[in-house]
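Protein sequence lines correspond, in order, to chains A and B. Reminder that position 45 of the first sequence reads as 108 in our numbering, one-by-one numbering, no gaps. Reminder that position 69 of the second sequence reads as 72 in our numbering, one-by-one numbering, no gaps.
Among the hints, a few may not be true.
To spell it out: a stretch of chain B is covered by chain A in this simulated footprint if at least three of its residues, at any positions, have a beta carbon under 8 Å from a beta carbon of chain A; those stretches are [as the list claims (entries may be wrong)]: (1) 34–48; (2) 67–73; (3) 78–84; (4) 144–156.
Using 25 Å as the maximum straight-line C-alpha spacing, the simulated BS3-like pairs for lysine-lysine come out as follows [what the hints assert, rightly or not]: (5) A:K194 to A:K154; (6) B:K127 to A:K197; (7) B:K13 to B:K159; (8) A:K154 to B:K92; (9) A:K154 to A:K197; (10) B:K92 to A:K197; (11) B:K127 to B:K13; (12) A:K154 to A:K77; (13) B:K92 to A:K194; (14) B:K127 to B:K92.
The set of hints was computed from the structure by calculation and includes no laboratory data. Note that the Cβ used here is the ideal one computed from N, Cα and C, for glycine as well.
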Amino acid sequence: MSPLPADVAELIGKVQYEETGDFPVERGYIWTSAASVENGNPLFWDDAVADEITGGPIAPPTMLSTWFRPHHWAPGRTTQALPLQVHFDMKERFELPEAVMSDNSLTFYEPVRPGDVLSTRQVLRSVSDEKTTKLGTGRFWDIDVEYRNQRGDLVGVESWTGFGYRR
Amino acid sequence: MSPVLLSDVKEGFELDPLSYDVNATTVVLGALATRDWRPQHHDYHFATERNGVQDIFINAPNQAAWFERYVTDWTGPRGRLGRMRFRMKGSVFPGDTMVFTGAVTGTEVDDAGCGWADLEVTVKVGDEVKTTCSARVALPMSDDDNPWSRGGDRWKP
Chain A
64 MSPLPADVAE
74 LIGKVQYEET
84 GDFPVERGYI
94 WTSAASVENG
104 NPLFWDDAVA
114 DEITGGPIAP
124 PTMLSTWFRP
134 HHWAPGRTTQ
144 ALPLQVHFDM
154 KERFELPEAV
164 MSDNSLTFYE
174 PVRPGDVLST
184 RQVLRSVSDE
194 KTTKLGTGRF
204 WDIDVEYRNQ
214 RGDLVGVESW
224 TGFGYRR
Chain B
4 MSPVLLSDVK
14 EGFELDPLSY
24 DVNATTVVLG
34 ALATRDWRPQ
44 HHDYHFATER
54 NGVQDIFINA
64 PNQAAWFERY
74 VTDWTGPRGR
84 LGRMRFRMKG
94 SVFPGDTMVF
104 TGAVTGTEVD
114 DAGCGWADLE
124 VTVKVGDEVK
134 TTCSARVALP
144 MSDDDNPWSR
154 GGDRWKP
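When you get a sec, could you build the whole thing from the sequences and use the hints?
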C-alpha cells in the first residue's frame with residue numbers, strides 16, 4: 064500500500080466537525096419515517112405503549128443521522144451545507160466527482176426522545192489505495208460519527224464506508 | 004401479539020419473509036423522511052445521467068429504517084436493536100419488489116444478563132441480493148423483562 068498524502072494522513076483519527084443539530088428531535092419526522100417504511104411498531108404510534116415500555120415516546124433508533132442532515136436552505140447561507148462533511152472533503156481532496164456509500168454500521172445506546180437536541184462529531188478512520196470497481200476508479204474511506212444528547216449521553220455511533228470515484 | 008422471548012428462538016430460526024413493491028413514491032418518501040435531499044433519490048435525470056444507474060434509488064438511511072421495521076415486526080416493541088451493519092451490493096429502484104428474509108445466526112446472554120439474538124437479513128429483488136444486514140437485537144428473557152429498561156453498564160450492544 065502506498066502512503067497517504069500527508070494532509071490526509073494527519074486527519075486519520077482526528078475529531079472534526081463537532082456540531083449541534085439544526086433542530087430538536089420531533090415527532091413529525093418520527094411519524095414520517097415510520098410511515099415511509101410502514102413501520103407499525105406501537106412505540107412510535109401509541110403513547111400508552113411507549114410510556115409502559117420506553118418511559119415515553121422515542122425515535123426509531125435508525126433515525127440517528129436524520130437529525131443531522133442540514134436544512135436544504137437557510138437564511139443567510141450562501142453555500143449548500145453538506146451532511147457527513149468528511150465524506151465530501153475526501154471527494155474534493157482526491158478530485159473524485161462521484162461517490163456512493165457501500166457499508167453502514169450503527170450501534171445504539173440511550174434512546175433518542177422528542178425534544179432531545181443531539182450533537183455529533185466525525186472521525187476519519189481510514190482511506191484506501193486507489194481501486195477499480197464496476198462503478199469506476201477511486202478510493203474507499205471509513206468515517207465514524209458519534210452522537211450524544213444534550214446531557215452528554217452517548218446515543219449512537221454510526222460508521223460509514225464511502226467510495227469516491229470517477230467513471 | 005405475544006412478545007418474542009429469547010427462549011423462543013435458536014440458531015437457524017427463520018423470520019417470515021416481507022415482500023414490498025417499490026415505486027417512485029417509496030424512494031422519494033424515504034429520502035425526504037431521512038432529510039436526504041441528494042438528487043439521485045428524487046431526480047431521474049440526475050440518477051441516470053450523472054450516477055449512471057437505471058433510475059432513482061432507495062437511500063442508505065431509509066434502508067436502515069426498512070431493516071429496523073423488518074426486525075421489530077418480528078420481535079414486537081420490547082425488542083431493542085443494539086447494532087446493525089449493512090452492505091449495499093446493488094440499488095433498489097421503482098418497479099422492484101423487495102423481498103426481506105432473515106434468520107437467527109446465534110443467541111446469547113451477555114455478562115450484564117441481557118439476552119441477544121443475532122440475525123442475518125437479506126433483501127433480494129428477483130434472484131439478485133441487493134443488501135445484506137447483520138443485526139443484533141435484545142430480546143426479553145421473560146414476560147416481565149424489558150431490554151429498554153437497561154442503560155449504562157447494563158446495556159452493551
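Hints, verified against the model:
1. 34–48: Three-residue rule met by the stretch 34–48 of chain B, so holds; n is 6.
2. 67–73: holds (count 6)
3. 78–84: holds (count 4)
4. 144–156: As far as the stretch 144–156 of chain B goes, the hint holds, because 3 residues have Cβ atoms under 8 Å from chain A.
5. A:K194 to A:K154: Holds. K194 (chain A) to K154 (chain A) sits at ~14 Å (cutoff 25 Å).
6. B:K127 to A:K197: Holds, because 20 Å separates the two Cα atoms, which is no more than 25 Å.
7. B:K13 to B:K159: Holds, at roughly 21 Å.
8. A:K154 to B:K92: The hint holds at about 21 Å.
9. A:K154 to A:K197: With a Cα-Cα distance of about 18 Å, the restraint between K154 (chain A) and K197 (chain A) holds, given a limit of 25 Å.
10. B:K92 to A:K197: 11 Å, holds
11. B:K127 to B:K13: 24 Å, holds
12. A:K154 to A:K77: Holds, at about 18 Å.
13. B:K92 to A:K194: 17 Å, holds
14. B:K127 to B:K92: Roughly 10 Å separates the two Cα atoms, so the pair holds.
Consistency note: the structure conflicts with none of the earlier hints.
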